[in-house]
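Using the hints provided, position chains B and C relative to the given structure of chain A.
Chain residues, written in single-letter form:
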Amino acid sequence: MSGAPPISPIIIFFASILTSNMILSNFLGMCSFISVSNEYKTASGLGKAVSLVMILTMAINYAIYHFLVLPLGLEYIQYIIYIIVIAASVQVIEMAMDRFLPDLYLKLGIFLPLITVNCAILGITLFMVIRQYTFLQAMLFAAGSGLGWWLAISALAAIREKMARSKLPRGLAGPGIAFIITGLMALAFIGFSGVFAVQ
Amino acid sequence: MEIVTTILSISLISVALAILIILAERLLNNYGDCQIDINGGARQMTAKGGSSLLSTLAGQGIFVPSACGGKATCGLCKVQVLDGAGPLLPTEEPYLSADERQKGFRLSCQVKVKQNIKILIPEELFNIREFKTRIAKIETLTHDIKGLRLDLQEPDRIRFKAGQYVQLYTKPYGKVRESVFRAYSMASVPSDDRSVELIVRQVPEGICTTYVHQELKEGDELRISGPYGDFYLRGDCDELVFIAGGSGLAPIRSLILDILEKQLVYKMTFFFGAVTLRDLYYLDFFRDLEKQHENFRFVPALSKPLPDDNWQGETGLITEVVDRFIPDGKSKEAYLCGSPGMINACLNVLQTKGIGPDKIFYDKF
Amino acid sequence: MKQSPEQREIEENLGPGAFSADGFLGSDPRSLADIIRDDQALVKSLGLTHQAIARQLGALTRLGLPGLGTPVPYGDHLEVIVMDYRGFIPCPFRDHVREEKRLTVCRDRLTGDAIRWTDLNVHMIAAHGFYEGRGSPFRVDPAEVQAMLSIQPDPEPENSES
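Residue numbers (our numbering), protein chains in the order written: chain A, 1 to 199; chain B, 1 to 365; chain C, 1 to 162.
Take these hints with a grain of salt, some might be off.
Unchecked claim - Here are the simulated lysine to aspartate or glutamate pairs, EDC-like style, with alpha carbons at most 20 angstroms apart:
(1) B:175 x C:28
(2) B:71 x C:11
(3) B:364 x C:99
(4) A:107 x C:11
(5) B:48 x B:83
(6) B:175 x C:95
(7) B:364 x C:100
(8) A:107 x C:9
(9) B:71 x C:113
(10) B:71 x C:28
(11) B:112 x A:39
(12) A:107 x C:12
(13) B:359 x B:236
(14) B:114 x A:98
(15) B:112 x B:124
(16) B:175 x C:9
(17) A:107 x C:95
(18) B:78 x B:230
(19) B:114 x B:25
(20) B:217 x B:151
Unchecked claim - Computed beta-carbon distance windows for the label pairs:
(21) C:141 x A:102: 32 to 42 angstroms
(22) B:194 x A:39: 53 to 63 angstroms
(23) A:186 x B:104: 23 to 33 angstroms
(24) C:37 x A:102: 44 to 54 angstroms
(25) B:136 x C:95: 41 to 51 angstroms
These are calculated hints, taken from the structure and not from any lab test. This one's a predicted model, so the numbers in the text were calculated from it and none came from an experiment. Cβ atoms here follow ideal geometry from the backbone N, Cα and C, with glycine treated the same way.
Here chain A stands alone, though its shape is the one from the complex (with noise of 0.2 angstroms):
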C-alpha cells in the first residue's frame, strides 16, 4: 500500500461533507437514514449521534490500526476488531444519552443500537486503512463524514416534513418517497464532484 494520500486534511473534511457525502455518494448508511428521517428534531439528533460515534470510533481504531494490527499482522482480524469497538463506543454513547438527553434516547428507541450496524461507521474506518490516512486526516475525514450523514439526514428530514402536507401516491409514501428524494439529492450533490478530492 502506498502512503498517506498528499491532500490536505482540510480539503478531505470539506469533502467527505460535500463530494464523497456518505450517505448522497457512497450510499452508505441507509438504513436508519430511511427510517429515522420522519422528523427533523429526531433525525437531527440520530444525525448528532452518528458523528459523535463516528469521530470516537475513529481515533480507537487509528490506534488500533498503527498500535497493534500492523506490528502484530493482525490484517485477517481487524474488521473484527474494529466492529467490537463500534459496539463499545455506542454502548457509551447510549449511556450518556440516557443521562443527558433522555427525551431523544426514547425517541430514538430501537435506532440507537442500531447504530452500531451503521456501514458508514465502519465504512469510514476501512476507508482510513485502505487511503492510509494520517492521524489528522482520519480525524477531519471522520468529523466531516458525520457532519455529511447528518446533513443527508436533517435535510431529507426537512423535506419529508414538509412532504407531509402533499398528496402523494398511496404506495410512495413513506420509503419510496424518501428514496426518490433521496436520489434527488444524490443528484444535486454530483454537482460538487471535481471541486475537492479525498484520496
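Same frame as chain A, now just chains B and C:
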C-alpha cells in the same frame, strides 16, 4: 502461533473496552447524592439520585399524595419545582395547565432526581406520616366489598379530618413482582385515632384490591401513609346531603359519625344507592343511627331490587331518589363518594336543584 | 434481536402484575405481534374493521351508562349493564392514553350468553388492534362479538389501515 496472537489480541481489546464501558456506566448512570431544597430552605435533605421525585421524597419521610402509584394517571402528585427538574415529559403534559407549567408544577412521579433540586410543597404534606399497622379485623360486607380494621402500631396515633384518605401499600404476591399503592378513604372517625377502618371493593383485575381480598389475613402487617385529601366538611350551611355507592360509603360514614359525635347542628340526609340488596351493607347500623338522632335521615335505595330482596325501601336510580327527596338547594352542601358514573349523574341532579358546584364536594380521582 | 426500550416496556406492561393482576396476554403462547396479526385476519374474515367493532362497543357502553348498573334493553333480546370503578388505568401501549375503569356487559336475555368489555378494551381495539391474548380474563373475541351484535361493516373506506 497466529491463533494465539488472534485470541490474545481480541481478548485484550474486548477487556479494555469492557472496562471502558464499566467506567462509563459508573460515571454516567450513577447520579450521586442530590440536594433537595424544600420551601426555600425550610427543609433540606440529601438523597441518592436516580429515582422519581415522588419515591425519593417518600424515602425521606415526605409523602406526596398519589392514587395511582406513580403511573401518571391520577395527577395528584403535583409539586412545584423551582429548579433542577429537566425538560417536561410527554407523560406529564395532560395533567398540567399552561398556568401550572409556567409556575413550574410537575408530576413528581415522573420527574427523576438527577441533580440538586429546589421544590415548593404545601405545609399540610409535612403532617403526613407512614404507619406500620396490624390487621385487626377483615369483615366481608358484600360479595365484592371487604371492611378492614387496622390497629396502628408505629406511630400509634393518626390525626386527620373526617373524609380524608390513606394510601395502602401492597407487598409482591402471586404474579405481581412489585409493591404498589392505592388510595382508600377512611371509614373510621378521627376520635378513633389508634385505628383506621377502610372499605375496599374488588376491582376486576385490580392489583391492589385483589391483594386485599385474596392475600391479606387478620394479624398481617400492613403499611399505610396519610392522611391525604381535600374531601372534608366545610359546613357553611344548614343542611348536608350525603350520597354514596359501593365502597364510597367509607368517608361518608366518617363524616356523619364525626358530626354526630361533635354534636354539630345540621340536618343530614344520607342516600346510599345500589342495584340489588346484595350490594348494600351497614343497613342496620345506619337505621339505628336514624332512630337515635332525629336530625339524621337514612335513605337506602335500590335501582332494580330482585323479588327475593323483599325490598321495602326506596326504588329507582339514585338520581331519581335524590330528586324526590331534595326540594331545593337552599343552604345545602352535598358530599358525594362513589363510582364516576354515579357522581356525574348526581352532579347533574344536584345542580338542577340549585346546589352550586362550589357547594358540591367529591374526591376527583 | 435487541428490543427498543419502548417495545420492552410494552411487553412488560402487558404481562401479569404490571397494569392488571392477570395481565393482558392470558395463557397465550404467541408473541404480541402474532396475536395482533391473527386477530386482524379474523376481523377481516368477518368482513369488519377494528374501528367498526370499537365504535359499536363504545356506542353500547354509552347506551348503558345512564342505567348506573341497571340493565338497559337493546334490540329485541339484548341488555347492556355498565359498572364503573374509581380511578384510571393507563394504556399499556404507552401512548399516554388513560381510560376510566368501566366494565360493560352485554347479555342475551334468551340464551343467557354474555360478552363483556372495558373502556380500555375499546381503546386498545381501535388504536392498536389488540383484543387481548387467549386465556386473558378480558379478551374480547371478535367472532363472539359479531355473533351477538351482528355489526354492519363500514361503508367503503377512503384509505384503509394496515
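For each hint, the structure was consulted:
Between residue 175 of chain B and residue 28 of chain C, the direct Cα distance comes to roughly 16 angstroms. Compliance with the 20 angstroms bound is thereby established for this hinted pair. For the hint pairing residue 71 of chain B with residue 11 of chain C, the CA-to-CA distance comes to about 16 angstroms; that is within 20 angstroms, so the pair holds. Between residue 364 of chain B and residue 99 of chain C, the direct Cα distance comes to roughly 15 angstroms. Compliance with the 20 angstroms bound is thereby established for this hinted pair. Restraint check for residue 107 of chain A and residue 11 of chain C: satisfied, since their Cα atoms lie roughly 18 angstroms apart, inside the 20 angstroms limit.
The hinted pair formed by residue 48 of chain B and residue 83 of chain B meets the criterion: a straight-line CA distance of about 17 angstroms does not exceed 20 angstroms. Pair hint residue 175 of chain B plus residue 95 of chain C does not hold up; C-alpha atoms about 25 angstroms apart against a cutoff of 20 angstroms. Of the supplied pair hints, the one linking residue 364 of chain B and residue 100 of chain C holds, its CA atoms being roughly 13 angstroms apart against a limit of 20 angstroms. Straight-line distance between C-alpha atoms of residue 107 of chain A and residue 9 of chain C comes to about 14 angstroms, which keeps the hinted pair within the 20 angstroms bound.
Only pairs whose Cα atoms come within 20 angstroms are accepted, and residue 71 of chain B paired with residue 113 of chain C is rejected, the gap being roughly 36 angstroms. At roughly 26 angstroms between alpha-carbon atoms, residue 71 of chain B and residue 28 of chain C are farther apart than 20 angstroms, so this suggested pair is violated. For the given pair, residue 112 of chain B sits about 26 angstroms from residue 39 of chain A by alpha-carbon distance, which is inconsistent with the 20 angstroms threshold. Straight-line distance between C-alpha atoms of residue 107 of chain A and residue 12 of chain C comes to about 19 angstroms, which keeps the hinted pair within the 20 angstroms bound.
For the proposed pair residue 359 of chain B and residue 236 of chain B, the alpha carbon gap of about 9 angstroms is at most 20 angstroms, so the pair holds. A C-alpha spacing of about 11 angstroms is found between residue 114 of chain B and residue 98 of chain A, which places the hinted pair at or below 20 angstroms, so the restraint holds. A hinted pair counts as satisfied when its Cα atoms are at most 20 angstroms apart, and residue 112 of chain B with residue 124 of chain B does not qualify at roughly 23 angstroms. The suggested pairing of residue 175 of chain B with residue 9 of chain C holds, with an alpha-carbon distance near 17 angstroms, which does not exceed 20 angstroms.
Between residue 107 of chain A and residue 95 of chain C the CA atoms are separated by roughly 13 angstroms; this keeps the pair inside 20 angstroms, and the hint holds. For the hint pairing residue 78 of chain B with residue 230 of chain B, the CA-to-CA distance comes to about 14 angstroms; that is within 20 angstroms, so the pair holds. A hinted pair counts as satisfied when its Cα atoms are at most 20 angstroms apart, and residue 114 of chain B with residue 25 of chain B qualifies at roughly 15 angstroms. Under the criterion of a C-alpha separation no larger than 20 angstroms, the hint pairing residue 217 of chain B with residue 151 of chain B is consistent with the structure, at around 14 angstroms.
A hinted range of 32 to 42 angstroms for the beta carbons of residue 141 of chain C and residue 102 of chain A is consistent with their spacing of about 40 angstroms. The supplied range of 53 to 63 angstroms is met by residue 194 of chain B and residue 39 of chain A, whose beta-carbon atoms lie about 58 angstroms from each other. For residue 186 of chain A and residue 104 of chain B, the Cβ-Cβ distance of about 48 angstroms falls outside the hinted range of 23 to 33 angstroms, so the restraint is violated. Against the hinted window of 44 to 54 angstroms, the Cβ-Cβ separation of residue 37 of chain C and residue 102 of chain A comes to about 32 angstroms, which falls outside the hint.
Between residue 136 of chain B and residue 95 of chain C the beta carbons are some 43 angstroms apart, a value that agrees with the proposed interval 41 to 51 angstroms.
Of the numbered hints stated above, those contradicted by the structure are hints 6, 9, 10, 11, 15, 23 and 24, listed in ascending order.
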